[in-house]
Every structure is written in C-alpha cells, then in structure tokens.
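Chain by chain, the residues:
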Amino acid sequence: MADQRIAICVRDLVVGFGERVVLDHLSLDVREGEILGLVGASGGGKSVLLRSLVGLLRPRSGEIEFPASGEGEAVRRGVLFQQGALFSALNARQNIQFPLREAAHLSPSLLDEIANAKLEMVGLSAEDGDKFPAELSGGMTKRVALARALALDPALLFLDEPTSGLDPIAAGEFDALIATLQSTLGFTVFMITHDLNTLAAVCDRVAALADGKIAALGPLPDVLASEHPWVKAYFHGARAQMLHLGA
Amino acid sequence: MSDQPSLTLTDNGAGALLARGAWTVANVELLERICDDAVREEIGPIDLSHVTALDTVGAWLFEKLARRNPDQSPETTLVGVPDSYAGLLAEVHGLNRAESSARRSENSFINQLARSARNLAADGIAFLHMLGAVSAALLGVLRRPRSFRLTSTVYQIGRVGWQAIPIMALITFLIGAIIAQQGIFHFRKFGAESYVVDMVGILVLREIGVLIVAIMVAGRSGSAYTAELGSMKMREEIDALSTMGLDPVSVLILPRVLALIVALPILAFLGSMAALYGGGLVAWLYGGMSPAIFIARLREAVSITHFEVGILKAPFMALVIGLVAACEGLKVKGSAESLGQQTTASVVKSIFLVIVLDGVFAVFFASIGM
Numbered sequence: 705m706a707d708q709r710i711a712i713c714v715r716d717l718v719v720g721f722g723e724r725v726v727l728d729h730l731s732l733d734v735r736e737g738e739i740l741g742l743v744g745a746s747g748g749g750k751s752v753l754l755r756s757l758v759g760l761l762r763p764r765s766g767e768i769e770f771p772a773s774g775e776g777e778a779v780r781r782g783v784l785f786q787q788g789a790l791f792s793a794l795n796a797r798q799n800i801q802f803p804l805r806e807a808a809h810l811s812p813s814l815l816d817e818i819a820n821a822k823l824e825m826v827g828l829s830a831e832d833g834d835k836f837p838a839e840l841s842g843g844m845t846k847r848v849a850l851a852r853a854l855a856l857d858p859a860l861l862f863l864d865e866p867t868s869g870l871d872p873i874a875a876g877e878f879d880a881l882i883a884t885l886q887s888t889l890g891f892t893v894f895m896i897t898h899d900l901n902t903l904a905a906v907c908d909r910v911a912a913l914a915d916g917k918i919a920a921l922g923p924l925p926d927v928l929a930s931e932h933p934w935v936k937a938y939f940h941g942a943r944a945q946m947l948h949l950g951a
Numbered sequence: 138m139s140d141q142p143s144l145t146l147t148d149n150g151a152g153a154l155l156a157r158g159a160w161t162v163a164n165v166e167l168l169e170r171i172c173d174d175a176v177r178e179e180i181g182p183i184d185l186s187h188v189t190a191l192d193t194v195g196a197w198l199f200e201k202l203a204r205r206n207p208d209q210s211p212e213t214t215l216v217g218v219p220d221s222y223a224g225l226l227a228e229v230h231g232l233n234r235a236e237s238s239a240r241r242s243e244n245s246f247i248n249q250l251a252r253s254a255r256n257l258a259a260d261g262i263a264f265l266h267m268l269g270a271v272s273a274a275l276l277g278v279l280r281r282p283r284s285f286r287l288t289s290t291v292y293q294i295g296r297v298g299w300q301a302i303p304i305m306a307l308i309t310f311l312i313g314a315i316i317a318q319q320g321i322f323h324f325r326k327f328g329a330e331s332y333v334v335d336m337v338g339i340l341v342l343r344e345i346g347v348l349i350v351a352i353m354v355a356g357r358s359g360s361a362y363t364a365e366l367g368s369m370k371m372r373e374e375i376d377a378l379s380t381m382g383l384d385p386v387s388v389l390i391l392p393r394v395l396a397l398i399v400a401l402p403i404l405a406f407l408g409s410m411a412a413l414y415g416g417g418l419v420a421w422l423y424g425g426m427s428p429a430i431f432i433a434r435l436r437e438a439v440s441i442t443h444f445e446v447g448i449l450k451a452p453f454m455a456l457v458i459g460l461v462a463a464c465e466g467l468k469v470k471g472s473a474e475s476l477g478q479q480t481t482a483s484v485v486k487s488i489f490l491v492i493v494l495d496g497v498f499a500v501f502f503a504s505i506g507m
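Note that the protein sequences, when read in sequence, are chains G and V.
Numbering-wise (this note's numbering), the first sequence opens with residue 705 and increments by one.
Numbering-wise (this note's numbering), the second sequence opens with residue 138 and increments by one.
Note that these hints are calculated values from the structure, not bench results.
Note that CB positions come from ideal geometry on N, CA and C, so glycine has one too.
Using C-beta positions, here's what the derived DEER-type ranges look like:
id	chain 1	residue 1	chain 2	residue 2	range
1	V	373	G	789	16 to 22 Å
2	G	789	V	146	45 to 51 Å
3	V	260	G	789	29 to 35 Å
4	V	452	G	747	53 to 59 Å
Input sequences plus hints: build the corresponding full structure.
This is the structure we're talking about:
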C-alpha cells in the first residue's frame, strides 16, 4: 500500500453513558483510500464508535482528527445507516438530491441528471428514482442510501452493516459495488460489518473491537492469527469455521 | 477551495478549450454558466490537465460537453486527463444513456382528474368489499356463536362508548344551549319565543343529536381504528393472524364495527338528552321559561316519531364509520407518512359519508311521511 496518509486519526477516545464506559481509551488510524472493516460483539460499541466519528456522539475525552481534509474545512463525509434512513416523504431521486440541494444551487435539470447518474452508479435505473422508500426492496433501499451518502462525493464513507438483511447474492453484489466505487472515486471507507465474506472480499484491513479497545488491527490473515481470546472466538467459532470449510 | 473554475479557448485547433480550477459542486453555479456559454460554440478537444479538483458533478458537466460532438470519441474530446480523474470520467461516460421517459406529463390536470376518478371508484369497491367481508364474518359468527369475540367487543364498546360519554355529553349540551339561545334571540323579535321549544326539540332529536355525535365518533374512534389497524398492517401483525388460520376481519374488524353499532345509538341518545337539557337550561336562565313549561311544551311539540327518526340513523352511521376506518387502515403501506395520510382520509371520508347518509335518510323519511 503506497498511500500511507491518514484519513481518520483517533487518540484515547473515551465514550460512555452514565456509569458505563463503552469505548475505553481507544486509538485507531484509518488510512486514506483504504476500506477498513470493524468487527465487534453486538452491543460492544461498534455503532458508538461510528456515531462518535460522524459527530453524533460527544466523546468524554480523547481526540478525533481528520488530517486529510484542509484546515477549517468541513469534512466531506457520507453515512450509510443500517436501515438506510431514507426520508420516507421523498422519493428515491429526491432523497439523493436533498444533500445536493442544500449544498449548492443547481438547476433542476442538472439536479435530475446528477441524481440519475448516481442511481446508475449504484446499479439502479432512472425509473427507480420515482419510487418511494416504502416501495423499495431491502437491497434497493441500501443502494439508494449509498447513492445519497455519495451525493456530495465524500472523501470519507461510513457504512453501518451495509450487507445485513441482504441475501448472499445481493450482499456479494453490494460488496462488489462498494469496491468498484471505492476504486473509481477513491474515497476512504470505514465499515461496520459482521459479514465474514465482506471482510474477506473487500476490506483492506480489519479492526476488531473488544472491551472498548481495538484488540487486533491489520489485514485479515494477521487478525485471524491474533491471540486475543475474543478475536479467536469470533473468527474461529463454529459459524466462522463453516465458512472456512466451505471456501 | 478557492480555485475558480474556468474554460477558455486556446489556439490548439478548432474550438480547443482549456479547463482550469476546481470543477466541484461548490462552484456549480459558475460551472453551469460556463458550460451554457460553451455549448453555443463548436466544441473541440478539452484539456483537463489544469483541473485541480473534480467530483461527479464536474465530471458529468465535462461528459455533457463531450457529448455535444458525437462524431468524436471521448478519448479525443477530453485530453490531458490526470490519472486520478480517469476512473471517475470513465464511470460517468457510461451513465444517463437511456432516454428519459416523459414522466412530467403525469402531473397534467387531465391525468390528475383521471387518477382521482380511479381512486374514487377503487374506494367504492373497497368499501363494498369490506361490507361483504364484515357481513360474511357476521354470518360465520351466527352459524358458530362460540367464535364470536365477546371480550374484544365489550372492550371496544367500553373504549368508543363508555369513555366517550363525557366529551359527547359536553359538546351536545353546548350545541343545544347555543341553538336555544339563538332561537330565543331571534324569535323574540316577533314574539314567538315559545316556539324555541319546538325548534330545539325537533332539531335535536331528528338531526343534530345524532349527526354531531356521529361526526365526533368519526373523529375520535374512526381515526383510532384506522391508526391501530394501519400500524398492525405495517408491522405485519395482520399477516401473522392470517397465517395462524384466523380471519383478520372477524378477529379485528367485526368486534370494532359491532362496538360502534352498539355504542353510537347510545351516545346519540345521551347526546340528544344533553342537548335538550342545555336547551332547557338556556330557555330558563336566558328566556325566562320555567322548566315545567319547557317540558310541557316539549311534550306537545315532539312525538316518538322524531326520536325514532334520529335514533334509527345511528347504527347505519356507525356502520359507515367503522367500514371506512377499516378500509383505510388496511390501505396503509410501509411508511409512517402513509399511516398519517390514511388516518386523515378515514376521518374526512367518514364525516362526508355520514352527512351524505343523513341527507339520504331525510329524503327517505320525508317520502314515507315520518
């Protein structure tokens, strides 16, 4: 990996609710242009970390920096929420246009063209833009949500379980889509996932979150070799073994 | 970024252009103007080597310019492309190729009219469908009385009947009082104050009592039914019932509709009494007519027929409210917005139908001489 610039720099991050400390002096570097997959136990603080990174949660202490973006410049980031979080009152095209409309004054025809282009980028057709979120299937919802997250060409893309709720074929296609878009548009991806196939197929590096800290970090083979008990249990448990045998 | 984008003519051949600066969404207003100006002239090769930033919007604008001269391939139209932008430009090159269908015409007046007419017809059919389903469920209950959901029905009667009594009584009391006050005020001018009793009595028993109560029930209980059934539909509870071999109509809708049919006549009766009480109170305090005289005049003015005309309408109005609420509830789709829409539609439609029904009954009773 030639590009070693850091996109997200997390130092000694502490986040907690009341008595409970969820993230305990967590440090992590996300390199520019990589796809980082984060695994961790349910309720173990993965979503808390993501929400802290995108600014929805205020940490108790510690620092989160985005060295790649210029001084005083807002970080261009897109977030794909687990359930898509599409605005139900707007159709798919309007959902994609919403951030664009807020960011700049585009002419209506250009707005439509850009939205249709984004729809096609995520593998949908311009006709799908007229559908409302309630009329979209799970896979299509994720794709529209991805198109909306990409509307402003973010430098950083946060994905919260992008393939959960999708069948293996749709999940595989979505993985491929993220990998393709990442290589074309060159953004950095921070992804929470439980999907071992996704980790193997698209993630450049994997981070394992256990006990509020990063227990293992590195390319998947290195993480698999980790001696940390939780990481061993996660990757060498019965369900994980089934996948290894099948592959 | 402060790099102002620009597109200038160079002398590298006919129409050759040089692009500079940041072609990003932040500069989109300027970019659109530049591109609009550029397409008026002949487009030659565009040199991208001085572009400092490019995003999808900028790439799409270049692609649109490139498409202006169809005889040249994109490789020759966009030249000097930095490596980092090549992927994005190639991606954009394949997009928006399909002819966009004329979807704007969908919003024309004629189309909207046609859609409204179709919706109206569909509503009518759905209403009849629901009437049939509820009747079938009722027949099923009559054949096998043990399948009747008594607990649920009693609970619903408590909700839409018993709990509604205070607010219904208060509102009809006020309406009766207002009618009496207005009657006294205006009849006084020609010395016909005593006829206020006739007016209040006949109006309340025949029309106002039941109509006001039905409208209140549509707003209070019809909307609640729609919202309940709609959220059950959203969360697939109704589908879950069906898979257990239970008929959602007889489990959920029949008890609710029956509860309304039982509760509405009772509420209409209590409402009419409250309105007469309000009228009598105003006649006494404002018009100076003692309660004994009021009651004596009322006995002369109204007959049991007036009361029957009013109370006979109540179960039919209840049926309409219940059926409309159930229809709209089952029409709810996945989104929270649709739940709100159907609840509003349920209230509006049931109030409208209640008033129409009242008019139909007025014609009917007039023609049979009641």
